[in-house]
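**Student:** Hey, can you work out the whole structure from these sequences and the hints?
Listed below, chain by chain, are the residues.
There are 2 protein chains.
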Amino acid sequence: MDEFARIHHWTAQRQSEDWQRQRGVVIGIGDDAAVVDTAAAADGVAEPKRLLLAVDTMVETVHFKQSTMRDEDVGYKALAANISDIAAMGGVPLHALVSVSVPPSYKPERMRRLYDGLYECAERYGVAVVGGDTTSSPQHLVVAVTVTGTVEAGRELRRSGAMPGDAVFVTGAVGMAAAGLHALLAQEERGAGCKAAEEDQAVCEAIAARCDMETAQVAALLQAHQRPSPSVRAGRLLLGRGSCHSLNDVSDGLASEAWEIAEASGLRLVLEERQLPKSGSMAAYASRVSMDPLEWMLNGGEDYALLGTMTAGAAEETRAIFHKEGIPFFIIGKTEAGSPGVELVRNDLVYAGRAAGHQDYRVELKKQGYNHFSS
Amino acid sequence: MDEFARIHHWTAQRQSEDWQRQRGVVIGIGDDAAVVDTAAAADGVAEPKRLLLAVDTMVETVHFKQSTMRDEDVGYKALAANISDIAAMGGVPLHALVSVSVPPSYKPERMRRLYDGLYECAERYGVAVVGGDTTSSPQHLVVAVTVTGTVEAGRELRRSGAMPGDAVFVTGAVGMAAAGLHALLAQEERGAGCKAAEEDQAVCEAIAARCDMETAQVAALLQAHQRPSPSVRAGRLLLGRGSCHSLNDVSDGLASEAWEIAEASGLRLVLEERQLPKSGSMAAYASRVSMDPLEWMLNGGEDYALLGTMTAGAAEETRAIFHKEGIPFFIIGKTEAGSPGVELVRNDLVYAGRAAGHQDYRVELKKQGYNHFSS
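Chains as they are written, first to last, in this note's numbering: chain L, 1093 to 1467; chain E, 1093 to 1467.
Because the hints were derived from the structure by calculation, they are not lab data. Glycine included, each C-beta is placed from N, C-alpha and C at the ideal position. Any given hint could turn out to be false.
Calculated lysine-lysine pairs in the BS3-like style (CA-CA distance at most 27 Å, straight line) [as the list claims (entries may be wrong)]: (1) E:K1426 with E:K1458; (2) E:K1370 with E:K1458; (3) L:K1458 with E:K1199; (4) L:K1426 with L:K1370; (5) E:K1416 with E:K1370; (6) L:K1426 with L:K1416; (7) E:K1199 with L:K1157; (8) L:K1458 with L:K1370; (9) E:K1458 with L:K1199; (10) E:K1199 with E:K1157; (11) L:K1157 with L:K1199; (12) L:K1199 with E:K1199.
Some but not every residue of chain E turned toward chain L, in silico, with C-beta under 8 Å [what the hints assert, rightly or not]: (13) V1118; (14) V1128; (15) L1144; (16) L1145; (17) V1147; (18) I1178; (19) A1180; (20) V1234; (21) L1368.
**Tutor:** Have a look at this one:
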């Protein structure tokens, strides 16, 4: 098969012309460039829209390997991570372009499975795949996905709008993806990966047996790493209410993303350890393998919940509305005027002579998170 | 330096806010997604616009290595190849997103130089760099660039509009980039690369001396490979005149691109060998190294001229207008009804008994071109 035949094999008849037309697609895969009409993709409301653009890349051995993710998962997650960037601006994802650099060792079936996962994610979030590029790669698979989206002009949810006295919220549990990755890597060390779809259940059961956990608990952790859920609905609700001051998605870890808001807005974020949404599965797994769950919650990353700020009053109202919609919403701290930084309020036994006892104390959080160039 | 510091080091203060605002940029590098207003980027003409989207990837060892391209050239060409896709639709390039996967061996200075070249190309073609993603790579540099552009709705220049009886044209010489690459690889075999800017002149002179050519001739060939010129102006002129039936850019070689038009339009392209624009430098180099220049012209690729069709009358008019504008325009053949295919009319000594003499004869051209998966 030559390049064109392969691309056809991977992408043909995945999305109908009608389905793509509803998303404004005039010319999809097959010409020099895709042609889209973003006005045609609007929802009929007259409010003028702007275009959102984001790109995200996954590299074999850096972001995934055969023992941690199936080919379908790689495709799914490559697109999901991008959609999360659109969600973090309050936008609606619309189109995707896919660049794959494929090593000779990858058989066409593997790429076909990667596209299976990518199109599954596209279907779920209503994203039209409109183009791409396929090159060979000397050794490792690289997948770079670009997405477009639309957002109501002037209402984009930026990182930079936080105000002193805001409540800090997050729209989902943190640390689960990191725990899932830890479990997969530990399993690999024991010589058992999850190379094929049919082995997934076996891997879950093996980890569950080893850690004395329920299989469903382990499955939730693996899923968090392999098939993250971008928070598009949460982002749209936040934009619609108009009270959100700043927003970010938790791709690089809670501490790192909080730092980004702090620096972009010029203030401090003070998070309460006790308020952080801790998944029971994650905590159970951490305890079984003697890891610190707080480390995963702060620096694990790839959770793709939304982190943001709004006034305390608005946060209480929003929490009620989110709960009615079945979307998690946790108030985890507040903002303070001051030079940019992030602090965590811990509560531990503090020795201070006779006054020994549980006390609140603050620790500075570093920007460490998941950083590809940190040494 | 952490990831954020590096990205800042590569991209900060490259393009002013004003300059970006003229291209519709509302939020550039630094948030989850870029926000652009394509209406604001329009030229004031009321004609409704559509959005163009294209992605192109360059992989170290597949598309370039240190002996064939300086870091600046890699950045320049990664963007130029994308701009060419916008040109081939008749559009105006507007924005770029840059994904780089960087091996540990790449020092920040090398990436800085890559961005020097990329921004030089962006400046030349008026493209605002609005976002990107940086990841590490186990061994080889991968650069994936996505560009947006705008085009007047309904006037996009597709591959599929060719009509039987059209003239086939090309807007520049073909085969020069392939000759330049050949010269660089031959020079590498002799143990001399072009690793640093200051060596460029030396490499040119060494090749010129070896092949008994002028240094300027060699420089033109190397430039064609290292710093291609996308044909934006030609594409806009073609769209403006409204007579162009089909259009493609010569990224994968003339034969391959002609095949794409033939298949998309459902007809045959018949090219005349004598009419193909043959560069004197390319022909001289081919003769010095005993290579067939026709092979480079048909299958070399990366020339980034535009190949298209229009009626014979319109082609004569367009040639006159292009020449007035100083843009090459060569009529190189015609289209014929029939099952999709590409033929070349050659003229050679044909032996047929007493009737031996120069005669025209047709050969079928294969789709071979530059194809990353061809075996």
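**Student:** Does each hint hold? Answer for all of them.
**Tutor:** Structure-based check of each hint:
{"no.": "1", "hint": "E:K1426 with E:K1458", "result": "17 Å, holds"}
{"no.": "2", "hint": "E:K1370 with E:K1458", "result": "20 Å, holds"}
{"no.": "3", "hint": "L:K1458 with E:K1199", "result": "25 Å, holds"}
{"no.": "4", "hint": "L:K1426 with L:K1370", "result": "18 Å, holds"}
{"no.": "5", "hint": "E:K1416 with E:K1370", "result": "21 Å, holds"}
{"no.": "6", "hint": "L:K1426 with L:K1416", "result": "24 Å, holds"}
{"no.": "7", "hint": "E:K1199 with L:K1157", "result": "26 Å, holds"}
{"no.": "8", "hint": "L:K1458 with L:K1370", "result": "20 Å, holds"}
{"no.": "9", "hint": "E:K1458 with L:K1199", "result": "25 Å, holds"}
{"no.": "10", "hint": "E:K1199 with E:K1157", "result": "16 Å, holds"}
{"no.": "11", "hint": "L:K1157 with L:K1199", "result": "16 Å, holds"}
{"no.": "12", "hint": "L:K1199 with E:K1199", "result": "33 Å, violated"}
{"no.": "13", "hint": "V1118", "result": "6 Å, holds"}
{"no.": "14", "hint": "V1128", "result": "5 Å, holds"}
{"no.": "15", "hint": "L1144", "result": "4 Å, holds"}
{"no.": "16", "hint": "L1145", "result": "4 Å, holds"}
{"no.": "17", "hint": "V1147", "result": "4 Å, holds"}
{"no.": "18", "hint": "I1178", "result": "6 Å, holds"}
{"no.": "19", "hint": "A1180", "result": "4 Å, holds"}
{"no.": "20", "hint": "V1234", "result": "5 Å, holds"}
{"no.": "21", "hint": "L1368", "result": "22 Å, violated"}
Checked against the numbered hints listed earlier, the structure breaks hints 12, 21; every other hint is satisfied.
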